[in-house]
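> As a plain string of letters, each chain reads:
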Amino acid sequence: MDRLNSTRVLTTLVFLLPALVAIYLAVGPSLISPLLLFSSPESESLIRDQVILQSIRLPRAVMAVLVGSSLAVCGAVMQGLFRNPLADPSLIGVSSGASAGASFVIVFGASVLPGSEILGLSFVSIGAVAGAVLAVFLVYRLATDRYGTSVITMLLSGVAIGAVASALNNLFTYFADSVMLRRISVWEMGNLEGASWNRVAIMAVVAMLLLWRIPRYRLALNAFLLGESEARYLGINVEWVKKELIMVTALAVGVSVVVVGNIAFVGLVVPHIIRGAIGPDHRSLIPGAALAGAVLLLLADMAARTLIAPAELPAGVLTALVGAPVFFSLLIRSKALNNPERL
Amino acid sequence: MIDTTPTLQLEELDVRISQDLSLSNISFQIHAGEVAAIIGPNGAGKTSLLRAICNELDRQSGALKFNGRDMAAWKLSERAKLLAILPQRSVLDFPFSVSEVVSLGRIPHSSSQQQNAIIVEQALELVDCLQFTDRLFLSLSGGEKQRVQLARVAAQIWERQSLHRCLILDEPSASLDLAHQEMIAKMIRFFAEQGVAIVTVLHDLNLASQCADKLLVLKDGSAIAQGRPVEVLSENLISEAFNVHAQLTTASKDGAPRIIT
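Chains A and B, in that order, give the protein sequences.
For what it's worth, the numbering used here labels the leading residue of the first sequence as 1, then goes sequentially.
For what it's worth, the numbering used here labels the leading residue of the second sequence as 1, then goes sequentially.
Hints in this document: simulated from the structure, not taken from any laboratory.
Careful, some of the hints might be misleading.
As the list claims (entries may be wrong) - Result set (DSBU-like, lysine-lysine): computed pairs, CA atoms no more than 35 Å apart in a straight line:
id, chain 1, residue 1, chain 2, residue 2
1, A, Lys-243, B, Lys-75
2, B, Lys-75, B, Lys-186
3, B, Lys-65, B, Lys-81
4, B, Lys-219, B, Lys-81
5, B, Lys-65, B, Lys-186
6, B, Lys-75, B, Lys-65
7, A, Lys-243, B, Lys-219
8, B, Lys-214, A, Lys-243
9, B, Lys-186, B, Lys-219
As the list claims (entries may be wrong) - To spell it out: a stretch of chain B is covered by chain A in this simulated footprint if at least three of its residues, at any positions, have a beta carbon under 8 Å from a beta carbon of chain A; those stretches are:
id, stretch
10, 91-99
11, 103-111
12, 183-191
Stated by the list, open to error - Just a sample of chain A residues kept apart from chain B, beta carbon distances all over 10 Å, derived:
id, residue
13, Leu-181
14, Arg-182
15, Met-208
Since we're looking at a predicted model, the values are computed, not measured.
Even for Gly, the Cβ is constructed at its ideal location relative to N, Cα and C.
Excised from the complex, chain B in its bound form:
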């Protein structure tokens, strides 16, 4: 029997963020192997939605389930084996080496040191950072640090578990160059093919259109559209959400719409 429980399920979620902004009535679900991209203008509540999903904000009403169980009912140590989150930016002021930073992702697991070392190496290879293994994290550039942090969350959910895994990324491509934005798409596909559900905030609409199965467009805390990129992306929607006049073309190889501004 195929397990049809959504990995992550939000039902009419209402969350207060600040006096001026709250997320209202957000319903959204994502199944194993699906990739969802959250897009929207600055201040729309994208990062807050991710924090709400991680149960870091006070939920006012609605349901939030991970693997069919209420998110608040999960023991943190159990949840960490299945759910990895990459924040927009993290500050690390201590002289860890790159491989040590990535191995922090193995804290939730009780795997052996040798096994962890193998996973750390594979995760570093995935983000194209194998050459930095023994460097000090603090000596890397912003984009390189971002890639190492990506390897850390990858190492956290590297192995299959009995329940569905989920990866949450907040603007993973923010400080990356073109080649490494391509790497993000590759990494997302790598995990999606293993049945990991992925929720990511992306600024680059083309990258979102290219790698997401599902788009969620946020504006002022509400979902103004959601669905497959071909269904959702339109010149009208982009003008409504971002106040920008854009042209759409579907001339790309994969048939996903491309936005030209």
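Okay, chain A solo, but in the shape it has when bound:
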């Protein structure tokens, strides 16, 4: 069994993350020392650099850390809950629901609603949260009867609700004019360009909630991997755990879609990589995924900002472009390693 020592991996990530944040802050159209944040400069150019750090690069870096770790933790939770290493928050309709909600507001709301914002969030964002919550609520209702929530039915209804949401999304797009189309597509690709301190604060609240609630279920999630009945036999209140985990992850993913759009593959690939490195025990998998998710999204956004500078790529497109092949190669390797008879 070739596994890495989990303490060593976690320690490495803990030191890697701040180092990476420092590099992220330094790199850009102009090279700026991150230490400038802690000094009070005199010269005009230094003051300008400090403003760039404070109001552009730092909120964006913090946003990447918060969103990356939230998405990765939600992915780990979903994969544990569904006992399926290929599960991902988008499976229960969060992302497609959010997209449909946002498109709806962009296309039909523009004439009715003023362009004003609430807490730095546009009405488009509020439409997205509503769409995400509605989709998850429907999926959950469809899969729940008096005997409890069936995980399999939830996966299936997630696919169905996702399909309906995408169809609605297409329908709204069909009615959109070219300005709306541009807004929809920029929104859907997911990027961290617009990270402001307001949005960072909203995401921070959700990420804190996530990192506070999820770790108490680490043993329950381990038991879940054996099966729902087995988890119950091990003393886990299965229905309660499912409900809370689904609500918290839906909220976190929904809000992350609102503040930065769809960031593909982080929730799927990161837990997968960490599980391959240190094993499936959620006691180390969850902190590992949180750290690695932050690292991955920081790297992706750094690439998105610099690859075709001065222009930018959407980070969500980049994570998908890189994530999908990485994921595929992991899948083939792990198949060969863990399950020789399945090859």
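Got chain A; can you put chain B on it based on the hints?
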């Protein structure tokens, strides 16, 4: 004073399983240190009876008590310290090591990590799997996986508690070779000697006759006979329950009847 509360007590239990099958009027009790084997043909409701005991099926009437308290009144986390259940088959698709799988059995307990590690090792030794400790669970054969799962439920009820412990096994010997069927008998004796009550579904009538104090014969959801193996097993009963003509002999060392078909 000797505690005479039955560990597990079923009184006139009626449970609906599906449209065609329900368990009807099952009364049955088992005390600390007793071993009960449930036998019967396929589809008789053996696994459903185990699920009913774990309160997983809707009870229509009758009483079901564990340590004298209604099964539904137990907090799951308290019950898990005393009652361990091995399902017929479990699917585990994640790359846990063998020792990690067994240590899942320690989740209900708040014992220290060192203590858990000792129990995991002892449980693995009991099922003859110590050599697999660091292997990946997914790389084991079907029978080896079954033995590791047995070690997991063993670890769950390894230590004495203030109340009686109970172990429920659904066809523990199904995918095991001959030597390891012997191991099942050894494991059952090991726990029974410590006062654990054991309820197990067994396909192998000889194994059932050899290690059970009590047999419960199920057919079409009803108990057609129950009692000590010598009292219950007869050529007539086997023909009634299984539709098979068999011969019985009592030539074995322990005096338990043996079935030859």
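> Now, for every hint given, state plainly whether the structure supports it.
So, going through the hints one by one against the coordinates:
| no. | hint | in the structure |
| --- | --- | --- |
| 1 | A/Lys-243 <-> B/Lys-75 | 19 Å, holds |
| 2 | B/Lys-75 <-> B/Lys-186 | 31 Å, holds |
| 3 | B/Lys-65 <-> B/Lys-81 | 16 Å, holds |
| 4 | B/Lys-219 <-> B/Lys-81 | 32 Å, holds |
| 5 | B/Lys-65 <-> B/Lys-186 | 28 Å, holds |
| 6 | B/Lys-75 <-> B/Lys-65 | 13 Å, holds |
| 7 | A/Lys-243 <-> B/Lys-219 | 39 Å, violated |
| 8 | B/Lys-214 <-> A/Lys-243 | 42 Å, violated |
| 9 | B/Lys-186 <-> B/Lys-219 | 28 Å, holds |
| 10 | 91-99 | holds (count 7) |
| 11 | 103-111 | holds (count 4) |
| 12 | 183-191 | violated (count 0) |
| 13 | Leu-181 | 42 Å, holds |
| 14 | Arg-182 | 43 Å, holds |
| 15 | Met-208 | 27 Å, holds |
Hints 7, 8 and 12 from the earlier list are contradicted by this structure; the remaining hints agree with it.
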